[in-house]
Every structure is written in C-alpha cells, then in structure tokens.
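Read top to bottom, the protein sequences are chains W and G. The numbering used here puts the first residue of the first sequence at 1, with every later residue one more than the last. The numbering used here puts the first residue of the second sequence at 1, with every later residue one more than the last.
Hints are computed from structural coordinates only; laboratory data are not their basis. Certain hints may be false.
[Said to hold, decoys possible] If we take Cβ atoms under 7 Å as the criterion, some of the chain G residues that face chain W in the derived model are:
1. T51
2. Q53
3. L54
4. P72
5. F75
6. F80
7. A86
8. F87
9. A99
10. G102
11. L103
12. N104
[Stated by the list, open to error] Just some of the chain G residues that point at chain W, by a computed CB distance under 8 Å:
13. K48
14. G52
15. P73
16. F76
17. P82
18. Q84
19. D85
20. Y88
21. L100
22. G105
23. Q147
Fair warning: this is a prediction, and the values are worked out from it, not measured in the lab. Glycine included, C-beta positions come from ideal geometry on N, C-alpha and C.
Single-letter residue listing:
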Amino acid sequence: MPIHDQSYRRYGGRRNEPGSAWLVIAAAGIRTLLGRKLFLAVMLAAWGQFFVRAVMFYLSANFPSMNVLAPSAETFRQFFDFQEIFVLFVTVYVGSGLIANDRRSNALQIYLSKPLSRAEYVAGKLGVLAFFLLMVTLAPALALLVLEAMFSASLDFLLGNVFLLPAITLYAVMEVSLASFTMLALSSLSTSARYTAMLYAGALFFTAAVFGILRGATGSSMLAWLSLRANVEQIGDVIFRVPPRFESPWGLSLLVVAALIGLSVLVLERRVRGVEVVT
Amino acid sequence: MSAPVVAADRLSKWYGQVIGLNDVSVEVGPGVTGLLGPNGAGKSTLLKLITGQLKPSKGAVRVLGEPVWGNPPLFFRVGFCPEQDAFYERMTGLEWVTALVGLNGLPEAEAAEAARRALDTVDLLDAADRKIGGYSKGMRQRVKLAQAIAHDPELLVLDEPLAGMDPIARRKVIRLIKERAARGASVLVSSHILHEIEAMTATILLMHNGRILAEGNVHTIRDLIDEHPHQVRVRADDPRGLARALVAHDDVLKLQFEDGAVVLETNRPDAFYARLTEAAATGALGGIHEVSSPDDNLQAVFDYLVK
Chain W
1 MPIHDQSYRR YGGRRNEPGS AWLVIAAAGI RTLLGRKLFL AVMLAAWGQF FVRAVMFYLS
61 ANFPSMNVLA PSAETFRQFF DFQEIFVLFV TVYVGSGLIA NDRRSNALQI YLSKPLSRAE
121 YVAGKLGVLA FFLLMVTLAP ALALLVLEAM FSASLDFLLG NVFLLPAITL YAVMEVSLAS
181 FTMLALSSLS TSARYTAMLY AGALFFTAAV FGILRGATGS SMLAWLSLRA NVEQIGDVIF
241 RVPPRFESPW GLSLLVVAAL IGLSVLVLER RVRGVEVVT
Chain G
1 MSAPVVAADR LSKWYGQVIG LNDVSVEVGP GVTGLLGPNG AGKSTLLKLI TGQLKPSKGA
61 VRVLGEPVWG NPPLFFRVGF CPEQDAFYER MTGLEWVTAL VGLNGLPEAE AAEAARRALD
121 TVDLLDAADR KIGGYSKGMR QRVKLAQAIA HDPELLVLDE PLAGMDPIAR RKVIRLIKER
181 AARGASVLVS SHILHEIEAM TATILLMHNG RILAEGNVHT IRDLIDEHPH QVRVRADDPR
241 GLARALVAHD DVLKLQFEDG AVVLETNRPD AFYARLTEAA ATGALGGIHE VSSPDDNLQA
301 VFDYLVK
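Looking at chain W on its own, in the form it has when it is part of the complex (with noise of 0.2 Å):
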C-alpha cells in the first residue's frame, strides 16, 4: 500500500491576482454585519420608505382617483432626504469600528505583512461602508424608478426626466463617498470605535447647530457651507433641478464636500500603517 506524505504541503492551485486583496477585506466585513440581527432590522427599517412610496406608486399608476400620489423629480429628492436619517445611522453602525477595531486589536501590521498594500486595505473598508450605504440610497431609489415604470406599464415618465437616472447615481455616490471617507478617516483616529461614532455624529450636529444659530443671528442662510448635511443637500438641490434652500453658493459646497474628501484621504494616508510611530 502507499505510503502519502503527510507532512506540509506546499500549495500549488490559483491565487487570486495581486490587487484583488481589497475584495478579501470588503467581502468578510459585509459578511460580518449581514450576520448580526440588529443590523439587519436597521437595514430593513431604511427600506422602510421604499415601501412605503411603492405602494403610492401601485396605487397613482392603477387608480386614476389616487393621481395626486404619482411621482415627479421632486419625489426623487425628497426620498433621499428621508433617508438621511439611515444613512447617519449606518455610517456609524458600519464605519465606526472598521479600522479603529484593527488598531485596537494591532490587526494591521499583520494584515500590512500579507501582500495588500495600504491602499487596497482602505479599499477594502470602504467597499464594506459603501456598500451598505449604497443599499440605503443608490439601490432603493433605482429600484423605485424600475417599479415607476413596471406599475404604469410606460416609460414615460422615465423618458420625461431622462436626467433623474444620472441625478440619483450623482447624488448617491456623492452623499455615500463624503459619509464613507470621512467615517473611515475619523476611525483611523481612534481605537475605539465608540469614540469615533460620537465623534462623527458630534461634528454633523455641531456644524449644523452652528449654521443653525448664524442662521437665526443673521437672518441668512449664506452660511449654510458651515454645515456638512447643509453642504450635501445644497449640491442635491442642484442635482435634482429643484430651487437650492440655501443662499450659500453650491459652488462652496462643492469645494467644502471635496476638501472633505481630500482631508480624509491624506488623514487615512498618515494613519494607515502596520507600525505607529511616535516622534
């Protein structure tokens, strides 16, 4: 009979090209956080308001009495304020713990010693929060769309607001990409993942209690760049071709929401390491 080798066997199968590593990293943490019930209700209960406008559109599109619940444009931007709420609440669910978690448990010098370079590894954590976060925005709202035109049995409506399609996918991946960088920025701060989701929800209500009392001083809202939701939903205004609700120029906007960006990444640049070191 022959004897097999039981000893250690060198691996000879496919790897994954080099590159790839991000989607190890993203994969495993959407994993997690679809394993944990009370995420699950959170995600469910941001898909509340889908729901809810389906049904308004089953019934303008199939009973001509209901017309006054048909969408339009605005409908499309209104949905997207709703969903602040739950895009507030999976940023600090999701993001909060994401890299401040490795830090505590020293998990990235050993993840930085596999070959995945600091990039891929930020990658990776923001695919986890952008993904989540896209499932409470970019994916709902298309699907609204879809079933517009399943229930009306027409694309009218789609090819009367031909711009809405560009203008949801805009507008999400703006909202989701400054809440993703600057969530994941804040977590490479700190080794608590507490801290950084006070932290996080701190900076959005101090900003927007701060614009809210120039606001009342003055009288005017030229100041609303002050505040990050403000920020975002000037540029949504734009977006979506409704009147912007602020003076401020959404030009500033644009430019605060970038600089916001760019912070963030340069932040996660210097706090991304295998080793810390201190001077």
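Guided by the hints, dock chain G onto chain W, whose structure is given.
Okay, now just chain G, sitting in the frame of chain W:
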C-alpha cells in the same frame, strides 16, 4: 555562496530623534538565522523593515532579491509572525487564520483548507473552533505562527515566537522551524534568549543599540555567555515543589519565589532546560505554564563585547 535571502545596505531607521537602526549592512543566507539582542537592540525594527511595515529612513533592504517597500506582491513569498498579539478575540482560530490566508490570494475553500493544515502543523486543530479570547498565551503564539506559515512562504520572519510558551510548546515550535528550514524555507527568528536561538540554529546575528554587533557562529558567543549565570522564570502550579526538584542539581545556583512562579539561576542552561522539558512532559512536578528568561545574562555579554 548562495544568493542572500535578506540584504540590507546601510539601512537606518529613525523614530524622530531616536535611532532604531543605525547604518546596518548585512546579508542573511538561506536556512535558519537567529537575530539575537537585548530588548531595544533594534531586532523588531529590522524585522519590520524586512516585512515592509516601516519605510527605511536611509539605505535599502532587499528580500528574496526584491525591494521591500511598496512591493506587496513580495509578501506572497514571506510569512510574518509579530511579537505583539494582533487578534480579534471574538473570532475562532480557524476563522482568523482563514481570513488572513485569504489575503494571500487563496480562494475561500482553499484558504480554509490551508488554515486547517497550518493549525494542524502547530498542534492547534483541536482548538481551531474555539474563540481566540479563550486561548492561553502559548496558543496565541501558535495561532500567530499558523497564519505565518499557512501560505507556505519561502521566508518566515518570526519576532520572539517562543515568548510565553510552555516547554513542550517551545520544543514543538523549535522542531517546526527546523523542519521548515530542512524543506528549503528560510527562517529569520528573533529572540533575546540565546538558549532559544541556539536550539534552532548555529547562525546568528547579534544586535545591540541598533547595530549589528557580531554575526556568525553561535558557539563563540556561547563561550562568553557561559561565564554569566542564566536566569529563568518558571510559572507553575507548584513552584515550591518544582524548585525542590530542580535545586537538587548543582547547575542551579540560586532561586527566589514570586507570586505563582520561581526564578532560578543556572550556569548550564542546556541541562537545565532539558530537565525542565522532561518534567513538563511527564507532569511529575505539576503543570508548568510559562517559561521566560530575562535578558540580564545576555546584556552582560553585550557589555563585555562593547567595552
């Protein structure tokens, strides 16, 4: 001479005003090489430069003929076991190793299989489905080792791999390292304990204050170290019983008790460790949980060498 596995050329690393590694030029050949030096000598800094964790302040380092910094594909061929723990305590050993093997480019099913084989190699397969949070210090060291060997690297870089292990686990890991070297892999292993290194290889690099102090055969250093008593701290169920049994031999010069442990001094570490391992294996003296050695004795040799 065969091509060097690691080649450092005037390599320096500063941490602000503090110098971690100072103008080091050295070549490490195939086989097992021990990196020996007291705490703060620069061993970990050198290993972190070799594994791409740190960027050199000056000079260059090549591993397996390739530059290290900014070259992630090189790490398909390198395995690294860090000194510090780096775990998600709520993951099982198998989940943790599988996730890390996945980063080495193995598809999921193959990654799980490779992780199982690696855990088996370090005798941890029985505990593979237990949470890492419940692992002992020795098990943690072994699961770190498993993730380093799971993708069968050409170069294995181990930073203090025996720290905190019990005598039997130490012997197993030492055997594992020697087996891998016999099968053609190169191993660079750091320790501040000469005896540990000596059990694995005769080839050493001696570091002190960020510089290579000596390189070559361990026996020369050994002659020096034998002039200085070797201190060993043993954490055991019954430190007093253990001390009674060990002090009967004339190579044990001195002992003192600490909470749950006994600290002994010996002038013949080989014989001492052999007896200790035997005692742990038979269980005759109760459970022996941890063996550690302060580096005072090695420091004395360094002091002698740098005078």
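Do the hints match the structure? See the list:
Because the smallest distance between the Cβ of T51 of chain G and any Cβ of chain W comes to about 5 Å, under 7 Å, the interface hint for this residue holds. A distance limit of 7 Å between C-beta atoms decides the matter here; for Q53 of chain G the minimum to chain W is near 4 Å, and the interface restraint holds. Because the closest C-beta pair between L54 of chain G and chain W is about 5 Å apart, less than 7 Å, the hint holds. A least Cβ separation of about 5 Å between P72 of chain G and chain W falls short of the 7 Å threshold, and the interface hint therefore holds.
Hint status for F75 of chain G relative to chain W: holds, with the closest Cβ pair at about 4 Å, below 7 Å. A distance limit of 7 Å between C-beta atoms decides the matter here; for F80 of chain G the minimum to chain W is near 4 Å, and the interface restraint holds. Because the smallest distance between the Cβ of A86 of chain G and any Cβ of chain W comes to about 4 Å, under 7 Å, the interface hint for this residue holds. Taken as an interface hint, F87 of chain G checks out: its beta carbon lies about 6 Å from the nearest beta carbon of chain W, inside 7 Å.
A least Cβ separation of about 6 Å between A99 of chain G and chain W falls short of the 7 Å threshold, and the interface hint therefore holds. Checking G102 of chain G against chain W by beta carbon gives a least distance of about 4 Å; that is within 7 Å, so the hint holds. The beta carbon of L103 of chain G comes within 4 Å of a beta carbon in chain W, closer than 7 Å, and the hint placing it at the interface holds. Given the 7 Å rule on beta carbons, the hint for N104 of chain G holds: about 6 Å separates it from the nearest Cβ of chain W.
Hint status for K48 of chain G: holds, given a least beta-carbon distance of 5 Å to chain W, under 8 Å. Interface hint status for G52 of chain G: upheld, as the beta-carbon distance to the closest one in chain W is roughly 7 Å, under 8 Å. Because the smallest distance between the Cβ of P73 of chain G and any Cβ of chain W comes to about 4 Å, under 8 Å, the interface hint for this residue holds. Of the supplied interface hints, the one on F76 of chain G holds, with its beta-carbon coming within about 5 Å of a beta-carbon of chain W, less than 8 Å.
Taking 8 Å as the C-beta contact cut-off toward chain W, the hint placing P82 of chain G at the interface holds, the least distance being around 5 Å. A hinted interface residue such as Q84 of chain G counts as satisfied when its beta carbon comes closer than 8 Å to some beta carbon of chain W; here the least separation is about 5 Å, so the hint holds. For the restraint placing D85 of chain G at the interface with chain W, the shortest Cβ-Cβ distance is roughly 6 Å, inside the 8 Å limit, so the hint holds. Checking Y88 of chain G against chain W: minimum C-beta separation of about 6 Å stays under 8 Å; hint holds.
For L100 of chain G, the suggested interface contact is upheld, since its CB lies about 6 Å from the closest CB of chain W, less than 8 Å. Using the Cβ-Cβ criterion of 8 Å, the hint placing G105 of chain G at the interface with chain W is satisfied: the shortest such distance is roughly 4 Å. Annotation: Q147 of chain G was flagged as interfacial toward chain W, and the flag holds, the nearest CB pair being 7 Å apart, inside 8 Å.
In this structure, none of the earlier numbered hints is contradicted; all agree with it.
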